[in-house]
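**Student:** Model the placement of chain B on the given structure of chain A, informed by the hints.
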Amino acid sequence: MHDRNTASARLRRLGRRFLFLFRRNKIEAEMAEEMRLHVELQAAEFRETGMKADEAEMKARREFGHMDGIRERCRDENGILWVSHLGQDLRYAWRMLARSPGFTLAAVLTLALGIGVNTAIFSLVDEILLRPLPVTDPGDLVLFHWSSKVDLPVPTSGRWERDPVTQQTTCTSFSLPAFEAIKKRSQALSGITAFAPISSLTVIADGQAEVVGLGQLISGSYFSVMGIAPAAGRLLEATDDRPGAPGVAMVSYGYWMRRFGGDPSTIGRAILVNRVPITIVGVVPRRFPGSLQVGDAPDLFLPLVLARGLGAFEMIDKPDALWWVQIIGRLGAGMGPSQMLSELEPAFQQSALESLKLVGAPPPKSPNDLPTLKVGPGGQGLNELRNEYRQRWEILTGLGIAILAIACANLASLLLARGAARQREMGVRLAMGAGRGRIVRQLLTESILLAGLGGALAVPFAVWVEVGLVAMQPRVEGHTLSLVPQLDPGVFLSAAAISVLTGVIFGLVPAIRASRVNISAEFQGGTSNRAGSRSLLGKLLLVIQVALTLVLLVGAGLFAGTLRNLASVNVGFESRGLLLFHLNPNPDGTSFKAGLAVDNEVAERLRAVPGVASATFSRMPLLSDMGWNTRIGVVGRPPRDDGHNTTMVNFVAGNFFATYGIPIMAGRAVDMADGARGGSVAVVNQAFVREFFGGEDPLGRTLQRPDAGNMPALITVVGVARDASYSAVRDPAPPTIYFPYYSQASAKVEATFAVRASGDPRMLVPLIRETVHSVDPLLPLDDLRTQQAQIGELSATERMFAWLSGVFSVLAVGLVSLGLYGLMSYSVLCRQGEIGLRIALGARPTQVIRMIVRECLLVVGIGVCLGLIGAYAATRIVSSLLFGLSATDPGIFAAGGVLLLLVAVFAGWMPAQRAARVNPMVALHSD
Amino acid sequence: MPKDKADLLQGTLDMLILRSLEAGPSHGFGVSGVIRRFSEDALQVEQGSLYPALYRLEAEGWIRSEWGISENNRKAKFYELTAAGRSQLRRETANWARMSSAINLVLSHA
Numbered sequence: 009m010h011d012r013n014t015a016s017a018r019l020r021r022l023g024r025r026f027l028f029l030f031r032r033n034k035i036e037a038e039m040a041e042e043m044r045l046h047v048e049l050q051a052a053e054f055r056e057t058g059m060k061a062d063e064a065e066m067k068a069r070r071e072f073g074h075m076d077g078i079r080e081r082c083r084d085e086n087g088i089l090w091v092s093h094l095g096q097d098l099r100y101a102w103r104m105l106a107r108s109p110g111f112t113l114a115a116v117l118t119l120a121l122g123i124g125v126n127t128a129i130f131s132l133v134d135e136i137l138l139r140p141l142p143v144t145d146p147g148d149l150v151l152f153h154w155s156s157k158v159d160l161p162v163p164t165s166g167r168w169e170r171d172p173v174t175q176q177t178t179c180t181s182f183s184l185p186a187f188e189a190i191k192k193r194s195q196a197l198s199g200i201t202a203f204a205p206i207s208s209l210t211v212i213a214d215g216q217a218e219v220v221g222l223g224q225l226i227s228g229s230y231f232s233v234m235g236i237a238p239a240a241g242r243l244l245e246a247t248d249d250r251p252g253a254p255g256v257a258m259v260s261y262g263y264w265m266r267r268f269g270g271d272p273s274t275i276g277r278a279i280l281v282n283r284v285p286i287t288i289v290g291v292v293p294r295r296f297p298g299s300l301q302v303g304d305a306p307d308l309f310l311p312l313v314l315a316r317g318l319g320a321f322e323m324i325d326k327p328d329a330l331w332w333v334q335i336i337g338r339l340g341a342g343m344g345p346s347q348m349l350s351e352l353e354p355a356f357q358q359s360a361l362e363s364l365k366l367v368g369a370p371p372p373k374s375p376n377d378l379p380t381l382k383v384g385p386g387g388q389g390l391n392e393l394r395n396e397y398r399q400r401w402e403i404l405t406g407l408g409i410a411i412l413a414i415a416c417a418n419l420a421s422l423l424l425a426r427g428a429a430r431q432r433e434m435g436v437r438l439a440m441g442a443g444r445g446r447i448v449r450q451l452l453t454e455s456i457l458l459a460g461l462g463g464a465l466a467v468p469f470a471v472w473v474e475v476g477l478v479a480m481q482p483r484v485e486g487h488t489l490s491l492v493p494q495l496d497p498g499v500f501l502s503a504a505a506i507s508v509l510t511g512v513i514f515g516l517v518p519a520i521r522a523s524r525v526n527i528s529a530e531f532q533g534g535t536s537n538r539a540g541s542r543s544l545l546g547k548l549l550l551v552i553q554v555a556l557t558l559v560l561l562v563g564a565g566l567f568a569g570t571l572r573n574l575a576s577v578n579v580g581f582e583s584r585g586l587l588l589f590h591l592n593p594n595p596d597g598t599s600f601k602a603g604l605a606v607d608n609e610v611a612e613r614l615r616a617v618p619g620v621a622s623a624t625f626s627r628m629p630l631l632s633d634m635g636w637n638t639r640i641g642v643v644g645r646p647p648r649d650d651g652h653n654t655t656m657v658n659f660v661a662g663n664f665f666a667t668y669g670i671p672i673m674a675g676r677a678v679d680m681a682d683g684a685r686g687g688s689v690a691v692v693n694q695a696f697v698r699e700f701f702g703g704e705d706p707l708g709r710t711l712q713r714p715d716a717g718n719m720p721a722l723i724t725v726v727g728v729a730r731d732a733s734y735s736a737v738r739d740p741a742p743p744t745i746y747f748p749y750y751s752q753a754s755a756k757v758e759a760t761f762a763v764r765a766s767g768d769p770r771m772l773v774p775l776i777r778e779t780v781h782s783v784d785p786l787l788p789l790d791d792l793r794t795q796q797a798q799i800g801e802l803s804a805t806e807r808m809f810a811w812l813s814g815v816f817s818v819l820a821v822g823l824v825s826l827g828l829y830g831l832m833s834y835s836v837l838c839r840q841g842e843i844g845l846r847i848a849l850g851a852r853p854t855q856v857i858r859m860i861v862r863e864c865l866l867v868v869g870i871g872v873c874l875g876l877i878g879a880y881a882a883t884r885i886v887s888s889l890l891f892g893l894s895a896t897d898p899g900i901f902a903a904g905g906v907l908l909l910l911v912a913v914f915a916g917w918m919p920a921q922r923a924a925r926v927n928p929m930v931a932l933h934s935d
Numbered sequence: 288m289p290k291d292k293a294d295l296l297q298g299t300l301d302m303l304i305l306r307s308l309e310a311g312p313s314h315g316f317g318v319s320g321v322i323r324r325f326s327e328d329a330l331q332v333e334q335g336s337l338y339p340a341l342y343r344l345e346a347e348g349w350i351r352s353e354w355g356i357s358e359n360n361r362k363a364k365f366y367e368l369t370a371a372g373r374s375q376l377r378r379e380t381a382n383w384a385r386m387s388s389a390i391n392l393v394l395s396h397a
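So the protein sequences, as listed, match chains A and B. Per the working numbering, residue 9 is the first one in the first sequence, and the count goes up by one each step. Per the working numbering, residue 288 is the first one in the second sequence, and the count goes up by one each step.
Hints listed in this document are in silico derivations from the structure and should not be mistaken for laboratory results. Don't take every hint at face value.
Pair by pair, the computed Cβ-Cβ distance ranges are [what the hints assert, rightly or not]:
#1 63(A) / 326(B): 20 to 28 Å
#2 432(A) / 388(B): 18 to 26 Å
#3 326(B) / 74(A): 20 to 28 Å
Computed footprint of chain A on chain B; a stretch qualifies when at least three of its residues, placed anywhere within it, have a C-beta under 8 Å from a C-beta of chain A [to be verified]:
#4 308–316
#5 321–327
#6 333–340
Quick reminder that beta carbons are idealized off the backbone N, C-alpha and C, glycines included.
If we strip away everything but chain A, and leave its shape as in the complex, we get (with noise of 0.2 Å):
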């Protein structure tokens, strides 16, 4: 009669709905009011034809029907039921996922992986990568570097990098002259400030020596530019950067906690840092970890001022001549950066002139070769590590969105074979005058309470994997990440609308069928031919999730390999059975003989322990990510033409080689009596001897030193050692210089001991302890560790790779097999007709199961097949980080197809079996 599903129609019956939903209450007062009316007329009515009133009122009200029912059907047309039904659609909805545990145990698994593990990696991607730091406008903020075409020849500490492309070196290091400079003219700047790191401060609280492993030096404005307000106590100002004010700092929130136990006595308790007087004034906010690389949390905010002091000058003299504050600006209104940075450019080629005369090194030929002045966005602190790390947390990025989109895949495919094994559920409940829009929406409901499930499983589950990837920690240059694991909402909702909208989709897809259903079609008929585009679809999700699943193995299997090959490397010493620990006996760089008479006397004290094998210390430690490089020359052999004249260099106690484990191969080793005969001498490797000296016998021959400072000029070679590694694995021996501990120039007497035990390390943990405590009560003892976990933290990304890509695969293979297998039983299932026929005709059972499984083996193929395209463009992203095996090594790529179609192989075997025990007169009359 009247079409009641036009367009229009539909929207203003929806409108209504909306509308009912916040006047519930009050149309339900209405109803029943309107239908007491109705009988009251109706009694009324009654009662004019003669009848007595109570009577009347009781024959109106039954005429009038079950009020309650009547209510309920005017509510379905006005949509209040759609609130009220919600409740029991959640109930029914519950009731029917607990009937298949099995069912909702992987949806609900597949889901919290897909959602968990996506959160926790974009949370840390965040963190890392893409949050600005925790100040007033971080977008306002500017950082200072210069950029030049040729290697400028001053002293610089702190890092500095070459574009490959243009050749020019970047550097964010400044000296203090140059600072001075460009403060006095920076009007386009509401404020600017200076910075460094300082590391390795011993601190004397309470009588307790320990050691700080990272400070910030700032200048007064520092606090002022950020914008930020202290979490207790002052902030530093610009009156505690002044020559000759007592010395102040501030501690980080983290090492209140830890250290002081948040005792809010701490402010203003006086204690040493590097023995220097220090009086804590105030505390830094919760979240902000300074401006230093990212995961750099320094604990100790200390004045510039205090520099010196604090012996964070390794030069001892002309410290105006070193390059090592790093400089951050706030732009204020007005003026845009380039017009700063022509105004400030003069003054900061001033200054490096004058710092080049300082050295005594000549100007620059023309002025073009003078550095420029650039600035770049500061909201995020120093970015250069950030940068090095993005390359890794792409790959873990890429990894994250493989899992969702092989959950959600997989999800899907659940979703539809469910939807069609309860296609007969669907027919009955239709043939009861069930709406089909209630039908849908009690699915759909289904489907969201499934996908709330999910989703609250994914939070510890995130949380979990978030505290795993920290502590498996990727480490660039040394650096580790100081990260709180943190969820971050929007990623959870975002990986959560993801899954969800999946789970709607492909809940809906066969509750839509469902409800067009035929049903007397239903009843009759079997399950045949619907199933043709429903598997094709379920096919489609497999393919997907094969070779997604095979990217997964293949990058499992790459780093796997790559780690193997990394723990096979030659490091040429003998690194098990070492223990290491570091000692800074003058921290303040003054006392150098006191500090290296220290040293000694550890270790002497250490070789008489029982156990101890042999026991030394170097400047250096090997294979620690740490180096120090120096320009070289061999005195009558002209300078190599290749431009790579520079060495590595270490400075090692008497010991040293026996300890490590490196053999001497000619000459002799470097010792402390060296010292008193005076001259200087030093051992240099095999590396070095085929590349300076061109394999020419150097023991006798002359170096020289053109960067020498303080230090001696010119080297006597008395030995040859053999090439041991020096701060990489992945990398060949370089040539390395080998001098006398006491010949270094640094003022600093820091020191990594090594300590060989005869027996198991472990054991000499305390004794050694024991050993320090006994030289000096208040040195503390930092960073004990042995040779191989030193080693082993090397290579922590790639095992951090390599465990989560085999987890994943491992999980991925999982649930491809149950999607294969749950595929091929639908299959089985719906051909029972075809199968039924096949074997009446004489089909023997094993042509049957070589059907069922050649079906199987063709979707695992194409997945495969598209796995090995996708796995090829893939593993060039990774190709920086493997060792020892190319991105595309073919064996791997080829174990991985190969194992995937063995589990096509026995994923459909159980479906085969079935297949070929099909009665055909069962089978033929099913149909």
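**Tutor:** Only chain B this time, still in chain A's reference frame:
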């Protein structure tokens, strides 16, 4: 064509309600009374069908409701035909005439 028997009856009832409101606004009891009187007691609408139909018609926008005072001085919800309702009634009446004459043709065919 209507999908099933329920649809057919529902459509017819809607038409009858709209017609009875054409005469003037009325409450639910009044509408059922009008239908009974106009059909000379042949059609007695059940409340179980009447009120859901009224709510539906209001949802479609063909009638609107207002609270007023009934003849026995009680609060009552009065329904009134809207302009859209009037055109809907005209459409449905025309349809009905076409259908019934077609059915008559079939039935009276020898």
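**Student:** Now, for every hint given, state plainly whether the structure supports it.
**Tutor:** Here is how each hint holds up against the structure:
1. 63(A) / 326(B): 20 to 28 Å: Roughly 27 Å apart at Cβ, these two residues keep to the hinted range, so it holds.
2. 432(A) / 388(B): 18 to 26 Å: violated (44 Å)
3. 326(B) / 74(A): 20 to 28 Å: The hinted range 20 to 28 Å holds for residue 326(B) and residue 74(A), with Cβ atoms some 25 Å apart.
4. 308–316: holds (count 3)
5. 321–327: Check failed, 0 qualifying residues.
6. 333–340: Result for this restraint: holds, n = 5.
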